[in-house]
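Trainee: Chain by chain, the residues:
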Amino acid sequence: MAEYTLQTQLLEAIACGRGMPSLAKIMVDFLGNPVIITDQFFRIVVYQTKRGENIHWDDFLPLSVTQRESKRWESKTERGMLVTPDGKTVPYASFPLVRSELEGFIVLLLTENAWSPAMALMLEQGALAVLVALKQEREIQRIHLKYKDEFIHDLLYNNFENREVLIQRGKTLGLDFSHPHALAVVGIDDEESPEAEKNLEQLKSLLHSSLRMHGDNPVVTRRGIYLIVLLPMARQLTFPELKRELNSLFRLAKQNVYNRLKTSFSVGVGHLYPAADELFRSYQEAKTALELGRFFNKSDEMTYFDELGVLSLIYKMGELELKAFCYSLLDPILDYDRKNAGQLLETLKIYFQCNADLNTTAEKLYVHVNTLRYRLKKVEELLGIDLNNLDGQLNLFTALRIFSQKGWN
Amino acid sequence: MRQVGFLVDVSRCLGCRACEVACKNYFGLGETQRYRRVSEVEWQTEDGIGLFYLSLACNHCENPECFRVCPNRTYRKRRDGIVVHDAGLCDGCCTCVKACPYGAPQYDADTGKVDKCDLCVSRLDAGLRPACEEACTNDALKVIFLDRIDETGLLKSVPTLPDIRITRPSIRFNPPVVRKQWLSKK
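Protein chains in written order, with the numbering used here: chain A, 1 to 409; chain B, 410 to 595.
Hints in this document: simulated from the structure, not taken from any laboratory. Some hints could be false.
In silico lysine-lysine, DSSO-like type, Cα no more than 27 Å apart, as pairs [claimed, not checked]: (1) K171/A to K198/A; (2) K88/A to K25/A; (3) K135/A to K25/A; (4) K323/A to K254/A; (5) K406/A to K589/B; (6) K406/A to K507/B; (7) K507/B to K323/A; (8) K589/B to K323/A; (9) K406/A to K349/A; (10) K254/A to K148/A; (11) K565/B to K198/A; (12) K364/A to K377/A.
Quantities reported herein were computed from a predicted structural model and do not represent experimental measurements.
Could you put together the complete structure from these sequences and hints?
Mentor: So this is what it looks like as structure tokens:
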């Protein structure tokens, strides 16, 4: 009867329009133990406890779930020990909120009453109501985000009258655009994967939480296949300062994301403009940096538009000029590879990727250093250049980069 | 994210240039300006060299270069993805003309300003079709919502179209069809 009453009370609370904290409170009263409701990545949505006792959790519970593992979450209670941020060990029982896919967890901290089969039954009965409330809350968040997204669109596409209007509109959504903002565009590396859409949504949510842990009020929003990250800066930073700050911020964020999501992502960062009404330029620059940074199919990269240098000039040139330049330089190598089923082009790509370090290149290619030396000598012979000469290196590097970027073969 | 764009059925385009003329008339363009241009494209097929006509205007790119480089902030992208240009703010520096890989912004020597196709926004907002689409007698040109269509079987690029990876133009193509009378064996 108790479990029926729990479900009924939860449903009544939902019907009265009460939110997740109220539902968690009802569960605490019934189960006699603190309750935490999380999303599918164990990010805490609500933590409810009896008066007096409190543990200060971070944004995420120190539990992990990967996508591969999520297949096995089928309405089964799992029990174990949880280490709190202040080092205490707490026994817990978690129940997954699953319908067509994993949506979250109810985690019961067994600090007051020991685990019993009756608790398991009550958890199972309450799960459906909690799931409904969780989905309802997400829908409200989605609508709120829609308004925010429209504002971000206007910001990124220069769709506002003047800077004052922009700052004013930002304020109504809790965003302060009177300070400079760094803008980064994030793209998952495997864009073509059938899981890409789902991964991007999950990445958005994880990235937002991770950046919030280490930065001040970041905005993470989605436009097509990219995530856009806006990071408020207290003052106008120089480029080295900006780079240091963002590198450390994204390193921490990546650690957090990669522990939970099995997909890598690359980041492009635009120039830091002093005023928010120039952010639309930064956005375009960040996208260009991201695309050009995916050089030689590298992944998990962070590219700054300010560092693109000569490449930011080259990508604007006509296709015919670029083709003529690349093929006039690389034709002998391409011919040789074609006729002899060789790997000179690939060897050169890796050679430059490894900053012309022979040992690392040989290791990456799984060949002996002498084999690599022989191949590079062959390249020098075919092209009539000296690979130790900076001129030759620069031309070859540029041609290879364009070649890879354009996907020619 | 809403994005309006063009669907060009190159297999249906006859190269009659009705779209080009309709656009020129609608915007009252000068002698040297053509917001929409039809060009003849030769492409290599297994049987020989094929031919099709390519009608191009502004592609209202996802990442418009014109918009990024303009020093006077004359460009903006509407919520439906259409890139519009405010000629009133333009000083005719032509930075956008050089930056656009598709040659969409055009300099008007008479006014000393640049302007480009705005997908006939005033017509679209009034529930009408753009002038070029309406003029096409063979249904080769259509305005589409890229976020709503099924892109199966459509191409994002065709021969001679510049690299689309940076700007991501909002245009899709039906694949060109080889017609025997247009084949020349070389």
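Trainee: Compare the structure with each hint and give your call.
Mentor: Against the structure, the hints come out as follows:
1. K171/A to K198/A: Violated, at roughly 31 Å.
2. K88/A to K25/A: 23 Å, holds
3. K135/A to K25/A: With a Cα-Cα distance of about 18 Å, the restraint between K135/A and K25/A holds, given a limit of 27 Å.
4. K323/A to K254/A: Violated: K323/A and K254/A sit about 37 Å apart, past 27 Å.
5. K406/A to K589/B: 32 Å, violated
6. K406/A to K507/B: 20 Å, holds
7. K507/B to K323/A: Answer holds: K507/B to K323/A is near 19 Å, not above 27 Å.
8. K589/B to K323/A: 31 Å, violated
9. K406/A to K349/A: Holds - the C-alpha atoms of K349/A and K406/A are around 14 Å apart, at most 27 Å.
10. K254/A to K148/A: 25 Å, holds
11. K565/B to K198/A: 23 Å, holds
12. K364/A to K377/A: Satisfied, since the Cα-Cα distance of roughly 19 Å is no more than 27 Å.
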